[in-house]
Amino acid sequence: MLLDARGLSFAYRRGAQVLDDVSLSVPRGSIVGLIGPNGSGKTTLIRLLNGTLSPARGSVALDGVPLATLSRRDLARRIAVVSQETHVTFDFTALEIVLMGRYAHLGAFALEGPDDVSIARKALSATGTTALEGRQFATLSGGEKQRVVIASALAQASDILLLDEPTTALDVGFQFEIASLLARLNRDRGTTMVVSTHDLNLAATLCTELVLIKAGRVLAQGATGDVLTAANIRRLYGVDADVTFHPRAGHLTVVPLARTE
Amino acid sequence: MPGRSDVRRRLAVTLAGFGALTFAVCLLAPLVGSTSIHFSRVFDRSIPFADNVDAQVFFVARLPRVVAAAVVGAGLALSGVVFQALLRNPLASPDTLGVAAGASLGAMLALTAHADFTLLGVSVVPLTSFAGSVGSLAIVFALSLARRRGTSSTVLLLGGIAIAALLNAAGRFIQYLADVTETFRTVQWLMGSLDVGSYAPILASLVPFGIACIGFVTLPRVLDLISLGEEAAEARGVDVVRTERIALVSASLSTGAAVSLGGPVLFIGIIVPHMVRLIVGADHRLVLPASALFGASFLIVCDLIARTIIAPVEMPVGIITAIIGGPFFLWLLFRGR
Amino acid sequence: MAAISRTISKGLKAQGSGLILAAALSLLPFALPVHAQARRIISIIPSTTEMLFAMGAGDRVIAIGSYDNYPPEARKLPRVGALIDPNVEQILQMRPDLVVLYGTQTELKRRLDRANIPNYSYAHSGLADITQTIRSLGTRVGVAASAEALAARLERQLADIRARVAKRPRPKALLVFGREPGSLRNIDASGGVGFLHDMLETAGGTDVLGDIRRQSVAMTTEMVLARAPDVIVELRYSKDDINNADMSAWNRLAAVPAVRNHRVILLTGEEFVVPGPRVAQATERLAAALHPEVFK
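Residue numbers (my numbering), protein chains in the order written: chain A, 1112 to 1372; chain B, 3 to 339; chain C, 386 to 681.
Calculated directly from the structure, the hints in this document are not laboratory data.
Any given hint could be a false lead.
Said to hold, decoys possible - Below, a list of computed lysine to any residue pairs in the SDA-like style, where the Cα atoms sit at most 20 Å apart:
| no. | chain 1 | residue 1 | chain 2 | residue 2 |
| --- | --- | --- | --- | --- |
| 1 | C | Lys494 | C | Asn472 |
| 2 | C | Lys557 | B | Ala52 |
| 3 | C | Lys557 | B | Asn54 |
| 4 | C | Lys557 | B | Val315 |
All chains should be modelled from the sequences, with the hints used to inform the complete structure.
Below, the structure is given as structure tokens:
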């Protein structure tokens, strides 16, 4: 196991319990999906998995090393995060955004050398954004922005990539684009990923394993085919859905039909 | 042009360019003024100093002004850059969190109470003004500690605005209680003045400014990352809480030092960072040192204009910075796009 | 106070009407019926309050302004505000038959006119206007004879001072009436216009800022160095300022003749900023500072 979380429990100060006894494992080279309704604790879980938050109980280990023992920069060298949207306050270019991913390796004072630039350019190429190198990030389209952000995470040269709803803010064209990109990265580079998403069809196409979270607890986890069932969807979302294998798509598809609650 | 990746080269070019500009401005500014003086007479050792009006004007009246303008301009520009990155708000200024409001309140209290004491060559108004700025920093800092996980920037921004409003209201109340003369003195102080006449207040302000610079040196790269968002910065390995605290304290000390020395000439803190970004791009490793140098040069030039344009009387320097800064900024903006 | 006078003169220059009004009012003695009398006077201006008491009409004054502190008898009277904050309700309530106000207080004047309360607009500029105002105010109030005596006495005293210093060389003098405490920032000095300037010239000094046609000048250290006054006179008039006066700040400009020759003089007292009957005393003290050998 690359990433191993055991018995995670967490509550924000003076808040209700957000996660209760959550355990999951991420095998090397897999894509694990975190599925759950709004407020189920997915984002908190992502933050616990990358070490930004410390659990009240339980622990997370990366390759057997507990995250709590690693410094922030060590963590960043091993785990990269892509969030839903990235707001950039100043006029950075796409390449500058990607180069920021090298901070974990360079620190506050070292300037990027030719090696770092080449890593950044390779990351841009892997995400198909080489042509956008000199463009202002703020002027890019939604899909282009996400691809650059993914490139920035790739530049961190980490073992594992955590993505927090990477396609939620994108239209269906860009969603498809990102999904293909992630699949290709996993296939060509063997990048391990954890993807939290609302999009059941994205999860179906992309993820090898799923973890279903409801109200801070694990509802079910396992291989996608086993876990993504109409019964589980009903328990998770209160929606009656049709889950079938789509011959042309080559994977399961989910079609919501009616609300049950 | 921004966009190329060779940050080493760009840094060298930026420092050389802005450094040369600042050097030239510092050299020429003391030679220009409402009284005409001759360079040869200034450095003529054969004339005793007491009889050498040219030398007196150069060394006693003008040189301290130029040095003060450099410190104030650099200090406010630096804190402007840091606040804009810290608060992720391009419109943030050194006054957004109330530090300048605290400094103004300190000055007003001294002027209204007719206090008149001097400590180590520094007169009462700069002393109380600095105390006021430290006071407001302490309040904002305490606010930031009250939140778990340090300073969420929205909380910091809103809290700082509230504190600024409170301090400004306190200042207005003091003015209301004051008589006409005291109010007039306060208004004069608020318009800014770099006519320090001696080096003691400058040296005093270099203490907090120096401490601030120690903090500033650690910040450039992390400010780049923080401007992407706290989560994004943290995920890339930045200790966000520690960075935000260093940024807050450094920028506030720098603002306090600058405002105590020259009055609240705050426009510099908003526009110089933007002007510099239009020239060098967004990378804070370039923007921070360039802003310090350009802020210094800009204020020296504004002060020069302020003391010559309606000679023999002077215009307050704060008016000149606004009149020049505004259109200059617009020109830079439209030229680039 | 100088700041008030500066504000007034600015207002006058901007509006012009105040000056015209004052000029018109000075002609009133010829227009009004001979029996013009005022028995319930409110004066919110320090100089006119002093004038009224000095010309023997003090018993007719029923209220004064916030900053009127002389003579001591006046201080017992109720205060109804000043230039910026006149308490209009209180003024109307006291039912005066004459209110002496600043020419720029147009709002107050409007309300008094509406209430049919006569008012006298005070304009403020040079030394000569002081005696002129004394005469015209005295006539308006009904004590023309003693007003005339007061004015004449003042003119004699000033002429006397002029005569005593006539033959003396006139030192270049800088008259400072305010600065930031403990430093030389935001120095406010008297320019070439106004009663302080006139006092300086009468006292036998040459105004180092005489060419600047303004009542007050914001001075810089460069200007002080360039103009090299032989004497610097600093005026303080508020009690707090007097107690805490720290003149050592001037030592920074050690090359200025006034500092080098230890001729930086502090003069304290309200008579320096109130252009009223005590102006002769003030001028004499100023002359003594400039020409100590004449005024033992």
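Checked hints:
About 12 Å separates the Cα atoms of lysine 494/C and asparagine 472/C, which keeps this hinted pair within 20 Å; it holds. Between the alpha carbons of lysine 557/C and alanine 52/B the distance comes to roughly 18 Å, so the proposed pair stays at or under 20 Å and holds. Distance check on the hinted pair: lysine 557/C and asparagine 54/B sit about 18 Å apart at the alpha-carbon level, within 20 Å; holds. Pair hint lysine 557/C plus valine 315/B holds up; C-alpha atoms about 19 Å apart against a cutoff of 20 Å.
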